[in-house]
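Here is what each chain is made of, one letter per residue.
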Amino acid sequence: MTTQVIPKPSKPWEVTVKQRAATGSLIALAVVLAGVSVKFSGLNGKLGFAVSFFFIATGLIFIQQLRLRDLQAAKDALLSSFAMLGIVLTLIPIVSIVSTVVIKGYKGIHPSLLFKDMALNSVNDPITEGGLLHALVGTSIMVFGALIISFPIGVLTALYLTEIRGKLARPIKFLVQAMSGVPSIVAGLFILSSLVYPVTKELSGLMGSFALSILMIPTIARTAEEMLRLIPSDLREAGVALGATQWRTVSGVVLPAAKSGLVTAIILGVARIIGETAPLLLVSGGGDALNMNPTSGAMGSLPYYIWKSFLTGGTEEAFARAWGGMLVLLAFIFILFGLARFLSGRKVG
Amino acid sequence: MTPSENSNNESNMEKKMQTTTPSSLASVAGNREQRVPGTNLLGTGLETRGVHAWFGTKHVLSDVSLDFAAGTVTALIGPSGCGKSTFLRTLNRMHEFIPTAALAGEVLLDGQDIYAAGTDVTKIRLRVGMVFQKPNPFPSMTIGENVLSGLKLAQLKKSNTDDLLESCLVRAGLWSEVKDRLGEHGGALSGGQQQRLCIARSLAVEPQVLLMDEPCSALDPGSTFRIEETISELAKSMTIVIVTHNMQQAARVSDYTAFFLSDGGPGIMVETAPTSKIFSSPMDKRTEDYVTGRFG
Chain F
1 MTTQVIPKPS KPWEVTVKQR AATGSLIALA VVLAGVSVKF SGLNGKLGFA
51 VSFFFIATGL IFIQQLRLRD LQAAKDALLS SFAMLGIVLT LIPIVSIVST
101 VVIKGYKGIH PSLLFKDMAL NSVNDPITEG GLLHALVGTS IMVFGALIIS
151 FPIGVLTALY LTEIRGKLAR PIKFLVQAMS GVPSIVAGLF ILSSLVYPVT
201 KELSGLMGSF ALSILMIPTI ARTAEEMLRL IPSDLREAGV ALGATQWRTV
251 SGVVLPAAKS GLVTAIILGV ARIIGETAPL LLVSGGGDAL NMNPTSGAMG
301 SLPYYIWKSF LTGGTEEAFA RAWGGMLVLL AFIFILFGLA RFLSGRKVG
Chain U
1 MTPSENSNNE SNMEKKMQTT TPSSLASVAG NREQRVPGTN LLGTGLETRG
51 VHAWFGTKHV LSDVSLDFAA GTVTALIGPS GCGKSTFLRT LNRMHEFIPT
101 AALAGEVLLD GQDIYAAGTD VTKIRLRVGM VFQKPNPFPS MTIGENVLSG
151 LKLAQLKKSN TDDLLESCLV RAGLWSEVKD RLGEHGGALS GGQQQRLCIA
201 RSLAVEPQVL LMDEPCSALD PGSTFRIEET ISELAKSMTI VIVTHNMQQA
251 ARVSDYTAFF LSDGGPGIMV ETAPTSKIFS SPMDKRTEDY VTGRFG
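Taken in sequence, the protein lines are chains F and U.
Numbered according to this note's numbering, the first sequence terminates at residue 349, and the numbering increases by one at each position without gaps.
Numbered according to this note's numbering, the second sequence terminates at residue 296, and the numbering increases by one at each position without gaps.
Chain U with its partners taken away, still in its complex shape:
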């Protein structure tokens, strides 16, 4: 999807929104300022070309081609078991962490296939960070050590770690709550704080893309709100892909939405469009049924 196509889509969307009755979700998405790709120096983003995925002989994801323009937030939505988390994990090569996993297709980061022979997988994961569904701070480390753990684990040299620690926690929206207790263990924090700690931890290695796998599904509404604020803040400086079951959340935080579906066979990507279009006038009947709550 090129920027010019995007702007066409947006103007079409605006026309349609005037003629059709916008659903409440679409108005949520439409009220927010749309981030326009290509207005920053974040590289050319992430693209996938015909990605298929298998676990053993089970084909779980079929032919997904998606663009994630630099500096945008893309939400992946769809019912459980449709392959969206699997797809997310192909984007930083965490897919291969599962022993039976297999893959076909290309994932291009700044135009380079991350699955190309000779690619250093650890370097890819440094550039494409990940936040998991369940908060998973390292139990043996303090809050401060958790944030900086990426530097230690990936053996990166940083001169001023105090500044980095503060800036990561500030960007993750956690600084004011933990600045006086950096020496405590991460387990002493609430679930929402732990998740923001995990976000801060993934920011410390300065990734250009951040993948979030249902980051709020284990959290209460207050913590969810804080994390969504964090996501909006982070989107100014990185590309974000978020898997969510919560359509309000997709409408609130994302610029683009991709709808995934499985009809019992491998999951496919049904439709992708600017978020307000997905929620107001989706092209596909199945998308419309899903976002209006008729199934899933």
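Okay, chain F solo, but in the shape it has when bound:
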């Protein structure tokens, strides 16, 4: 009689402590060598250290893999090192921007900011005086207006490219791609010369929405097109085979299936325009007073509030105000995106 011995569960594919220690000591060696190379060569500063550390660490790991295993494994490790470098290079600016804005911006934040405007205050006033209500409201109105104009146009363009696939699909696709490269100041000047001077003769939030739409439509159209292409044509066939017209199939099957993709299109579109300053300076002016009417009068915006605080002030208070405006803008974007994801994810899936 032998009793059955149940083996201990193990994970032989995992990196062992010994291997970890070996890699760790190589990294430590690379730090030392990098320090030495900074000291005895022309390289200096944090950047010199980072560059020499990366090349020394990569080289050491390459040699380690080459000795332990073979050239294939060493090349694999080399690729991993460069991928890590890519991640770090991407994260540095993001982390740096967010942390700087938070660290510098919290001084420029005061609860009363959200309830007051700058009609009677200078940017040099203490933070407790004046506020950015007008800017927050102005940005919301203009972005929302631009979204209302751009979303239907962008989605209809995408539907023409993916569903109707007419003769003009190719040139239109090319035009949309070209349009996404239009500089924002050009969009502002276009609205200024085609609508503001000849027609309204007045700066307004609506003109701001029009200028932003020019920037937003290509982003929405291109993203929506990509998202609609992901919908399997099986679903379109199923809809049509049930006796639906093309329009009913698109509205009843294709668009609902692409819902979360269309929300992504909105998010990318809003992200494209929410920080735009140049076209708004031209066509909606820079309002300092709260203006709820998009059809008449200058309208403030958060980027304008930041720009003005930075350039026209010069005092500690003005800089704090500018950084505070950035923090509010960042928080506003995060809240909008979170809300969009929440709304799109709630029903589907």
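Note that these hints are calculated values from the structure, not bench results.
Just to be clear, a hint being listed does not mean it is correct.
Each computed DSS-like pair below joins lysine-lysine, with the alpha-carbon atoms no more than 27 Å apart [claimed, not checked]:
#	chain 1	residue 1	chain 2	residue 2
1	U	LYS158	U	LYS58
2	F	LYS8	F	LYS18
3	F	LYS75	F	LYS18
4	U	LYS134	U	LYS179
5	F	LYS259	U	LYS134
6	U	LYS285	U	LYS157
7	U	LYS236	U	LYS123
8	U	LYS58	F	LYS167
9	U	LYS152	F	LYS259
Partial pick of chain F residues on the chain U-facing surface, computed with a CB cut under 10 Å [to be verified]:
#	residue
10	ARG165
11	ILE231
12	PRO232
13	SER233
14	LEU242
15	GLY243
16	LEU255
17	PRO256
Since we're looking at a predicted model, the values are computed, not measured.
By construction, the Cβ of each residue, glycine as well, lies at the ideal position given by its N, Cα and C atoms.
We have chain F; now place chain U onto it with these hints.
Chain U alone, transformed into the frame defined by chain F:
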């Protein structure tokens, strides 16, 4: 093919089956009660007259004339690329969904050419439903909404949708499995259940013909068995045309079988006959080679 010819064929077939050794498939087909056309009020069925099909300049289907008598199940068999799916898609005008497609010939539904000028294509597809190879429930809809989606999409008015929902799911053999979870999404079902959901969905608009394009090719044997039961049940009230690569399936579910073949050129319909005859004593050497597994 008129009913009298059919009965002649059947009696001939029975004589032959006594003299020749029936293959196992033929006995499968022969064991089942043969549905006789013309014994119901389902219209006069579907006929094709000299149907050719092209994709661009490539001629993929040549001169197919076939009758689908009302209330029967017809299987289309043949090796891959022989045009049987293309032929199936000409029967409810899904062929033209592909931009380069072209067609010649007539498809008569109750004697009317569905390609005649002025025909409303959406009305044709309401009368000739379709189930696809891959289960494709609408992902944005619940199980219940999926079943009734045809009404919404084709803008049909139905007074008692709850009864219709239940009867469609019962006929598709899915009711007992989903009756407590009609509010869940279709994607939560297994592949076989999804395919039966798609069958239920096509039943809701009450088609008189149901086309099935390899409905079981992505499913396991258990689900396949359930769908074959469903097909037998449905055949009492509608005309069914099924494309299948599985000859056992053709033998189990169909009354008539048509064999398609392509020799590199356009696909042709080699032979059509009652299913038990196709599997026991086909007229054409090529059919015999195919059903006995010598090629394809």
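For LYS285 (chain U) and LYS157 (chain U), compute the direct alpha-carbon distance and say whether it is at most 27 Å.
violated, 52 Å
Quick one, is the PRO232 (chain F) hint okay against chain U at 10 Å, beta carbons?
holds, 7 Å
Regarding the pair LYS8 (chain F) and LYS18 (chain F), is the alpha-carbon distance no greater than 27 Å?
With a Cα-Cα distance of about 20 Å, the restraint between LYS8 (chain F) and LYS18 (chain F) holds, given a limit of 27 Å.
Grab the minimum C-beta distance from ILE231 (chain F) to chain U and call the hint holds if it beats 10 Å, violated otherwise.
Because about 9 Å separates ILE231 (chain F) from the closest Cβ in chain U, which is inside the 10 Å limit, the hint holds.
Tell me if ARG165 (chain F) is really an interface residue toward chain U, meaning its C-beta lies closer than 10 Å to one of theirs.
holds, 7 Å
Take a quick look at whether LYS236 (chain U) and LYS123 (chain U) sit within 27 Å of each other, Cα to Cα.
holds, 23 Å
Per the CB criterion, is PRO256 (chain F) less than 10 Å away from chain U?
holds, 3 Å
Next item in the hint list is SER233 (chain F). Is there a CB on chain U closer than 10 Å to its CB?
holds, 9 Å
Hold the hint about GLY243 (chain F) up to the distance rule: shortest CB distance to chain U must be less than 10 Å.
holds, 4 Å
For a C-alpha distance cap of 27 Å, please report whether LYS259 (chain F) and LYS134 (chain U) respect it.
holds, 22 Å
Would you mind confirming whether the straight-line C-alpha gap from LYS134 (chain U) to LYS179 (chain U) stays at or under 27 Å?
holds, 23 Å
Given hint LYS58 (chain U) paired with LYS158 (chain U) - CA-CA distance at most 27 Å
Violated, at roughly 43 Å.
Checked against the numbered hints given earlier, the structure breaks hints 1 and 6 and satisfies all the rest.
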